[in-house]
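Enquirer: Chains E and C, in that order, are what the protein sequence lines are.
For the first sequence, my numbering assigns the number 1 to the initial residue and increments by one for each residue that follows.
For the second sequence, my numbering assigns the number 130 to the initial residue and increments by one for each residue that follows.
Hints should not be assumed to be uniformly reliable.
[Said to hold, decoys possible] Computed cross-link-like contacts, BS3-like style, restricted to lysine-lysine with a CA-CA straight-line distance of at most 30 Å: (1) C:Lys347 x C:Lys319; (2) C:Lys172 x C:Lys247; (3) C:Lys274 x C:Lys172; (4) C:Lys274 x E:Lys90; (5) E:Lys90 x C:Lys319; (6) C:Lys247 x E:Lys90; (7) C:Lys347 x C:Lys274; (8) C:Lys274 x C:Lys247; (9) C:Lys319 x C:Lys274; (10) C:Lys274 x C:Lys359; (11) C:Lys319 x C:Lys359; (12) E:Lys90 x C:Lys359; (13) C:Lys247 x C:Lys319; (14) E:Lys90 x C:Lys172; (15) C:Lys347 x C:Lys172.
[Claimed, not checked] Quick look at which bits of chain C chain E covers, simulated, 3 or more residues with Cβ under 8 Å: (16) 144-158; (17) 250-263; (18) 313-327; (19) 333-340; (20) 351-357.
Since the hints were made in silico from the structure, they are not lab data.
Bear in mind the structure is a predicted one, so any value in this text is a computation, not a measurement.
Even for Gly, the Cβ is constructed at its ideal location relative to N, Cα and C.
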Amino acid sequence: MPNPYRRPHSNTWWLRRLPYTIFMLREWSASFMALYLILLVALVARVNDGESAYQSYVEFTQKPIVIGLHGVLLAFALLHMVTWFQAVPKATRPPRIRGQRPSGRVMIASVYGLWAVASAVVAAIVLVG
Amino acid sequence: MADTVTLEVTRYSPDVDSEPSFELFDVPFHHDWVVLDALNYLKDEVDGSLTYRWSCRMGVCGSCGMMVNGVPILTCAAFLRDYPRGSTIRVEPLQGFPIERDLVIVLDDFLEKLSAVKPWLIREQEQPLEEGEYRQSPEQLADFKQFTMCINCMLCYAACPVYEHDQSFIGPAALAPGQRYILDSRDQGKEQRYPVMWSDDGIWDCTFVGECSTVCPKNVDPAAAIQQAKVESTGAWFQSLLPFGRS
């Protein structure tokens, strides 16, 4: 009589191997991005409330714990960007150029290029505008 | 004393055991031996009851996939010399599947799912033989060729934590062949595959861990097949919202 054994699924499966752990960190990074967005919206709201509100927000961001939090947010932002940019060749089938689809490296380089251009535009608006 | 290596092998006898256990074996170390050679030595010289699947010994048949030190791999490609000397090499059945006996898993679930995506050419109407073969350009072939390399070894399933957690997930080695036929310019069976592949148990169950592609011994990229199918499915959904879109 067959009696196959089904192994239990552990909730700590993502600690079993490094690629699984990196995957979980990548997924969590979205939550950290959401948290940064909240901080950004709060900044805009403080600016809208006037100079004293803005100054109090600036003082808040200068607290060591808030600086530390931003360090964590930056690390997750970089992880988010690098891991998802690496995934671009898997998720896209760009049109053929002269009969060939661009290689994965070209696609990844392209999104980094787009990121650089977008960052330059934002920097220009903030610093010059 | 001859140079040896220690294997820690899963043992499970469904008639006797309520759960699997591990058994330690010492096997001779040879520079050109793979884990499968060590298992064959054990079966021939030590314990003939040890049960596992294998066939070609050259990475073609896809039968000898097992977890070696927690990583899914074809044991015919897992050289003993590549594991730290002096350490114990743990050999287990592929993760996520029920254990039939020792290192043998139950395949039924995978075979049913593979059939569900209809991994064969579907034509609305076969053209007469005298009209010749269905022609295809090298560019059209390049779009799906890598997905044809799958040998159904199921390492990708064993690497997939989603399948381990949710057995209803159709899984990488069934979705990739499904997408392979969708991308094939000769095929006309998209509409038959979409309801299976685009279902909640299909591509949308995939969380894009990506390890299915990493462990593939044939460099197939099932993760890419699934993500591209998601993009296609999303496009079709947006199209269905348009007044002139498809239903």
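Enquirer: When I compare C-beta atoms, does the region 333-340 of chain C have three or more residues closer than 8 Å to chain E?
Expert: holds (count 5)
Enquirer: What's the verdict on C:Lys274 and C:Lys247, does the C-alpha distance respect the 30 Å limit or exceed it?
Expert: holds, 17 Å
Enquirer: Run the distance test for C:Lys319 versus C:Lys359: straight-line Cα separation, threshold 30 Å.
Expert: holds, 14 Å
Enquirer: Is E:Lys90 close enough to C:Lys172, meaning Cα to Cα at most 30 Å?
Expert: Violated, at roughly 42 Å.
Enquirer: Please verify whether C:Lys274 and E:Lys90 have alpha carbons no more than 30 Å apart.
Expert: holds, 15 Å
Enquirer: Are the Cα positions of C:Lys274 and C:Lys172 separated by 30 Å at most?
Expert: Outside the cut-off at roughly 38 Å; violated.
Enquirer: Going straight from one Cα to the other, do C:Lys347 and C:Lys274 come out at no more than 30 Å?
Expert: holds, 12 Å
Enquirer: Are there three or more residues in the region 351-357 of chain C whose C-beta lies within less than 8 Å of some C-beta in chain E?
Expert: Result for this restraint: holds, n = 4.
Enquirer: What's the verdict on C:Lys347 and C:Lys319, does the C-alpha distance respect the 30 Å limit or exceed it?
Expert: holds, 25 Å
Enquirer: Holds or violated: E:Lys90 with C:Lys359, Cα cutoff 30 Å?
Expert: holds, 11 Å
Enquirer: Report holds or violated for chain E covering the region 144-158 of chain C, Cβ cut-off 8 Å, minimum 3 residues.
Expert: holds (count 4)
Enquirer: Need the status of pair C:Lys247, E:Lys90: alpha-carbon distance at most 30 Å?
Expert: holds, 23 Å
In the structure shown, a violation is registered for the earlier hints numbered 2, 3, 14, 17, 18, in ascending order.
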